[in-house]
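Residue numbers (the working numbering), protein chains in the order written: chain Z, 1 to 175; chain A, 176 to 299.
Hints are computed from structural coordinates only; laboratory data are not their basis. No experiment lies behind these values; they were computed from the predicted model shown. Do not rely on the hints blindly, as some may be mistaken.
Taking CB as the label site, the calculated pair distances span [claimed, not checked]:
#1 Z/152 <-> A/218: 26 to 36 Å
#2 Z/45 <-> A/231: 46 to 56 Å
#3 Z/93 <-> A/211: 14 to 24 Å
#4 A/292 <-> Z/121: 18 to 28 Å
#5 A/222 <-> Z/145: 42 to 52 Å
#6 Z/92 <-> A/232: 15 to 25 Å
#7 A/207 <-> Z/140: 29 to 39 Å
#8 Z/45 <-> A/278: 31 to 41 Å
Just so you have them, the derived chain A footprint on chain Z, three or more residues with Cβ under 8 Å [unchecked claim]:
#9 88–95
#10 107–116
#11 136–142
Derived, one-sided and incomplete: chain Z residues facing chain A with beta-carbon distance under 7 Å [unchecked claim]:
#12 72
#13 76
#14 77
#15 80
#16 82
#17 103
#18 131
#19 146
#20 159
#21 163
#22 164
Cβ coordinates follow ideal geometry from the N, Cα and C atoms, glycine included.
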Amino acid sequence: MNQKREEERFLVYSSDLTDIAYKMTTCLQSGGSRTKLMTTKKPPHLKTYLLIAVMVIAGPLGNVLLGKGMKHVGELPIWPPLQLLHTGLNIFTSVSIWSGIASLVTFFVAYMLVLSWADYSFVQPASSLAYGIVALLGYLMLGERVSPLRWTGIAVICLGVFVVGRTNPRTTGQV
Amino acid sequence: MPHIILFTLIVVAGTGGELCVSRAMKVVGEAPSLRPTEVAKVVLRALRVPWMWLGGGMMAVAFFALLGALSIYDVSFVVPVTALSYVAGAFGGVVFLREHVSLQRWLGVALVAIGVTLVFLGKN
Numbered sequence: 001m002n003q004k005r006e007e008e009r010f011l012v013y014s015s016d017l018t019d020i021a022y023k024m025t026t027c028l029q030s031g032g033s034r035t036k037l038m039t040t041k042k043p044p045h046l047k048t049y050l051l052i053a054v055m056v057i058a059g060p061l062g063n064v065l066l067g068k069g070m071k072h073v074g075e076l077p078i079w080p081p082l083q084l085l086h087t088g089l090n091i092f093t094s095v096s097i098w099s100g101i102a103s104l105v106t107f108f109v110a111y112m113l114v115l116s117w118a119d120y121s122f123v124q125p126a127s128s129l130a131y132g133i134v135a136l137l138g139y140l141m142l143g144e145r146v147s148p149l150r151w152t153g154i155a156v157i158c159l160g161v162f163v164v165g166r167t168n169p170r171t172t173g174q175v
Numbered sequence: 176m177p178h179i180i181l182f183t184l185i186v187v188a189g190t191g192g193e194l195c196v197s198r199a200m201k202v203v204g205e206a207p208s209l210r211p212t213e214v215a216k217v218v219l220r221a222l223r224v225p226w227m228w229l230g231g232g233m234m235a236v237a238f239f240a241l242l243g244a245l246s247i248y249d250v251s252f253v254v255p256v257t258a259l260s261y262v263a264g265a266f267g268g269v270v271f272l273r274e275h276v277s278l279q280r281w282l283g284v285a286l287v288a289i290g291v292t293l294v295f296l297g298k299n
């Protein structure tokens, strides 16, 4: 009886969209502080790499677009309240801001999808690339000047995030 | 630098939000199965946990702080600095959730901290 339920559960696990919502609520929100170990291990497929590529592009692109939008809005006076309303309207009528949000949502969906079958410790190190790409996109799209020391710092951050991601996430009480 | 407040908000509110949501989900527990109705029940139960609302609120604060920071600084400066959330996450996990953090993870966290310091030093 139990065995059958487990099997049924596994089938749903690999295909159902609700799995994404499930993963979202149980492990992703933790940002790595509480993650669930995948019990199934399969070699990574092409679609895994594809979705990781989407993640690594869409995340930084979203941030760069937000940056572009905010630079366009300019200084942010938030007082008096009427001014705050005006600033808010400026922000949320900006095409760049909404493109940025759309891009970040794309990133998030790709993240969910890929984590619904791939190991967190496989996906997370790959996503450390995003810190380098955001600087690259900032440099190419917004013409930001990135000093050599900043590049070095970003490279060290990527390495650090990679190392953090490589560690096996552990959950307390359950595997 | 008065805008250090924005970075503190991004990192602390962002990580705090994630910790709150994580804590809320521990209260809610695992879904008994993954059928849509069961998942919906879990979501509804989660919405009744105050930690969830606190977490969501903190994440919203972090997002607006991010927008604020992006209006002042380069994207290639702001986003790498937000990697500090890995540092905050490790400490937060240990202090508030009493989680075990491995040596290798601490090593990665230390590298992130060094990298952010370099990014700050190379500001202009």
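Results of checking the hints against the structure:
One distance hint, 26 to 36 Å for the beta-carbon pair residue 152 of chain Z and residue 218 of chain A, is violated here, with the actual separation near 44 Å. The given range of 46 to 56 Å is broken by residue 45 of chain Z and residue 231 of chain A, whose C-beta atoms sit roughly 34 Å from each other. Distance hint for residue 93 of chain Z and residue 211 of chain A: a CB-CB separation of about 36 Å, inconsistent with the stated range 14 to 24 Å. Between residue 292 of chain A and residue 121 of chain Z the CB atoms are about 26 Å apart, so this pair conforms to the stated range of 18 to 28 Å.
For the pair residue 222 of chain A and residue 145 of chain Z, the supplied restraint of 42 to 52 Å holds, since their beta-carbon distance comes to about 46 Å. A hinted range of 15 to 25 Å for the beta carbons of residue 92 of chain Z and residue 232 of chain A is consistent with their spacing of about 19 Å. Between residue 207 of chain A and residue 140 of chain Z the C-beta distance comes to about 49 Å, which lies outside the given range of 29 to 39 Å. Between residue 45 of chain Z and residue 278 of chain A the beta carbons are some 32 Å apart, a value that agrees with the proposed interval 31 to 41 Å.
Given a C-beta distance limit of less than 8 Å, the hint that chain A covers the region 88–95 of chain Z is violated, as 1 residues qualify and 3 are needed. By the rule of at least three residues with a Cβ nearer than 8 Å to a Cβ of chain A, the coverage given for the region 107–116 of chain Z is violated, with 0 such residues. For the region 136–142 of chain Z, the stated coverage by chain A holds: 4 residues have a C-beta nearer than 8 Å to a C-beta of that chain, and at least 3 were required. For residue 72 of chain Z, the interface hint is violated, the least distance from its beta-carbon to any beta-carbon of chain A being 9 Å, above 7 Å.
Checking residue 76 of chain Z against chain A by beta carbon gives a least distance of about 5 Å; that is within 7 Å, so the hint holds. Using the Cβ-Cβ criterion of 7 Å, the hint placing residue 77 of chain Z at the interface with chain A is not satisfied: the shortest such distance is roughly 11 Å. For residue 80 of chain Z, the interface hint is violated, since its Cβ never comes within 7 Å of a Cβ in chain A; the closest pair sits about 18 Å apart. The closest approach between the C-beta of residue 82 of chain Z and any C-beta of chain A is roughly 18 Å, which is over the 7 Å cut-off, so the hint fails.
At its closest, the beta carbon of residue 103 of chain Z sits 13 Å from a beta carbon of chain A; the interface hint therefore is violated under the 7 Å criterion. For the restraint placing residue 131 of chain Z at the interface with chain A, the shortest Cβ-Cβ distance is roughly 5 Å, inside the 7 Å limit, so the hint holds. Here the hint on residue 146 of chain Z is kept, as its CB sits about 5 Å from the closest CB of chain A, short of 7 Å. The restraint placing residue 159 of chain Z at the interface with chain A holds, with a minimum CB-CB distance near 5 Å, inside the 7 Å limit.
Checking residue 163 of chain Z against chain A by beta carbon gives a least distance of about 3 Å; that is within 7 Å, so the hint holds. Look at residue 164 of chain Z: its Cβ gets to within about 3 Å of chain A, closer than 7 Å, so that hint holds up.
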